[in-house]
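> Build the full structure now, drawing on both the sequences and the hints.
Take a look at the letters that make up each chain.
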Amino acid sequence: MISTLTEFIDELRSVGIGVSMVEAIDAAQAIEYTDLQSRDNLRATLGATLVKNPRHYDAFDRAFDVYFGLEPLGDADTEEREGETSAEGGSGAGSGGGDGLMESMVDALLSGNSDQLRRLVAGAVDRYAGMQPGRPVGGRYYAYRVLRRIDSEELLARLIAALVPDDTDGGVDVRIETERAEALVQQVRDQLEQEITGRLIADRGRQQVAANRRLPLVEDIDLMHATRVEIEDVERAIRPLARKLATRLGQRRRHGSKGRLDVRRTIRKSLGHGGVLLEPQFKPPRASKPEIVILCDVSGSMATFARFTLQLTYAISAELAKVRVFAFIDGLDEVTDYFSADTDFAESLVAMSREAHIVRRDGHSDYGRSFTEMWERYPDAVTSRSTVIVTGDARNNYREAGLEAFERIVARSRAAMWLNPEPERFWDTGDSIMSRYSVACDSVDQVRTLRQLEAFVERATLPAHRRAKIAS
Amino acid sequence: MLKTTREFLSTLLVMPDNWNSPSDVRDALESAGYLADDRIAQVVFLASRLDKPILAEGPAGVGKTALALAIAECTGRKLVRLQCYEGLDEAKALYEWDYHKQLLRLQSDEGAAWDDLEGDIFSESFLLERPLLAAIRSEEPVVLLIDEADRVEVETEALLLEVLDSYQVTIPELGTIEAVTKPIVVLTSNNTRELSEALKRRCLYLHVPYPSIERERAILEKRVPDLPEHFADKIARTVSSIRQVPTRKAPSVSESIDWARTLLTLGIEELDDATTASTLNVLLKYQTDIERIAKELSLDIDAEASPE
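In order, the protein sequences belong to chains A and B. Heads up, the first sequence is in our numbering, so the first residue is 1 and it goes up one at a time. Heads up, the second sequence is in our numbering, so the first residue is 1 and it goes up one at a time.
Source of the hints: derived by calculation from the structure; they are not laboratory data. Think of the CB as a built atom: it goes at the ideal place given N, C-alpha and C, for glycine as much as any other residue. A hint or two may mislead.
Stated by the list, open to error - Simulated pairs of lysine-lysine, BS3-like, Cα-Cα distance not exceeding 30 angstroms: (1) Lys92/B to Lys269/A; (2) Lys101/B to Lys322/A; (3) Lys269/A to Lys285/B; (4) Lys283/A to Lys249/B; (5) Lys269/A to Lys182/B; (6) Lys283/A to Lys92/B; (7) Lys283/A to Lys322/A.
What the hints assert, rightly or not - Here chain A is said to cover these stretches of chain B; the calculated rule only asks that three of the stretch's residues, wherever they fall, bring their Cβ under 8 angstroms from a Cβ of chain A: (8) 36-47; (9) 99-107; (10) 156-166; (11) 190-200; (12) 285-299.
Shown next, in the form of structure tokens:
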């Protein structure tokens, strides 16, 4: 058990989940109080001791299934299964899984018979996956082959037909029964994955299978090239982060200092102790009201990333009153109202790209023009209380940089920060003019992943000294 | 006689020392009105065995605080609660010297030797205990609930570490005070910010997500006893479906209980789309969310006036 546990912990660390020595020891101790017959109990024990961030549970579960998953139904059961399938009139390979399989699967799912389901899935893997020992293909390929034969679309349709009552006209009924059916089909997929994984382990060993199955943690997903599913994960994770940023920006002053001595209240308080100035009273520190001005490049190359920036903005605006957002491509427009607290994010995004005047000419980024427009059209947006955050790759299509306008904006602000989603080594290559802007900024950060965004949030405190104001 | 024996035995069962398996924990919690799933039962069991604090984290309104209350109730322990907020400090969380009393003491005995006085005014009778110290010094066993730990600043978290680590509090003038009986500690967090690694490392982590459909149905049946069975099922499924849609504030368990009660109070017998549409405002607290969900579930919220 201990050796499996240490291998398992190694795997967690390889994925990027930090497991400390203390936690590993805790896990080992906790296992003594765990009923090892129950996978769920073991999962709970290891989860509670090793993984302390809800974002990491998916990765934890994937690794857990490899190290402590159910054994696949091996060859011993094959005869029994053969018997079953022929009894059910399964026509074997050839005719798309055979009606027998489909019907028994629907039965097993509807009656919640997980053993039966497990046997059926194992049988399907036997017949359709074409697994051969030592073949260098991943589990996903085999799963795909089986799913094609099982025909999950058809399965879903049959489940829905069975679950949704005929006489209903309720949209909610249809919806919740459809969701139930989808959950059941997912159960088949999970079972299939479990079965194939189990067999691959027998063939290649745990470590390798685990390594093949690894997915990046949410915080390591590349925001510029995220898939649809990944985007959803990231969007869920982004809200706590926005709150953190909002409190960080607001907190700064309060921390440490109590404010100035309040002589009047101190003397007043001392009357109770015969005039001894016992408890000094302080004026409450003036609450700082941070203002944020966000300039967001939403051009084609930045599309996915801009989505996150705007999402972050949207979440921040729920926390802070004064957030102004400006989007630009080769024209700039204020889009704050699209992302106010009581709008729907997805709809706002569509509305913004349709209505806002962010394209003036050809729809290729023009930072110079946008900054100039910012300075000319919204001279009052930036004040000495505002933090300016620019998000963009600084790829200016060889156009005018507009440095003068940018420096003026920065000089007027409290701090200016630039987030660039491109890897640092690509800055200043081709049409990127990052370094020309970065001279004026208080900080420039590469932000491609949530982890980096989080680090930025951590650092987002006012720089100790402001740059000497540039003569205007 | 027989009855008292049974009562005696059942009190034995609810003492954490007598929990022999997670299912004992589950039964004990259920007797206090809390339906635990396998994971919760296992983690509470581990906490009682390993003497480690539980850090329960999850969205608001899923019963994290209720878990601590239930543990206190079913073990018959006293609950000591520390409600966290921004700006919480040592004086409010741990202990404070009673300046006024110390001053009176000094004034009442002018001319006494300083050495005598010093030892005197920094003694326990001049100490005001706050929740953490109270939990440590308590003679009877307690459950210490540190509620919404994510609200304190990162720096303040450090205050908790000594208590969580070794169940002791160090007061420079008095020395280290160790726990008489080890408290069961439950911390809760709404995950509005990430707690420090140091804190997490010392705790057993319990992620409390929204309950599964089956568990939510059971909770509804337990909390709203008059609720017909098919109603509970439909409510649980509908609420779970609503939670799939991204909203500003997803309905919590307490809101689905409110919804069930509302439907009962209104005397509604069939939960159809029109009823759902007209009572959606019990579940959702933002107008945009209501509109969003209505659209998503193809409900017509404007068509019918709400049944009054």
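> If a hint holds in the structure, say so; if it does not, say that too.
Hint-by-hint comparison with the structure:
1. Lys92/B to Lys269/A: holds, 20 angstroms
2. Lys101/B to Lys322/A: It is violated: about 47 angstroms lies between the C-alpha atoms, which goes past 30 angstroms.
3. Lys269/A to Lys285/B: violated, 44 angstroms
4. Lys283/A to Lys249/B: violated, 36 angstroms
5. Lys269/A to Lys182/B: violated, 40 angstroms
6. Lys283/A to Lys92/B: Roughly 19 angstroms between the alpha carbons, so the hint for lysine 283/A and lysine 92/B holds.
7. Lys283/A to Lys322/A: holds, 25 angstroms
8. 36-47: The restraint on the stretch 36-47 of chain B holds, since 6 of its residues have a Cβ under 8 angstroms from chain A and three suffice.
9. 99-107: The restraint on the stretch 99-107 of chain B holds, since 4 of its residues have a Cβ under 8 angstroms from chain A and three suffice.
10. 156-166: Three-residue rule not met by the stretch 156-166 of chain B, so violated; n is 0.
11. 190-200: holds (count 6)
12. 285-299: n = 8 at 8 angstroms, threshold three: holds.
Hints 2, 3, 4, 5, 10 from the earlier list are contradicted by this structure; the remaining hints agree with it.
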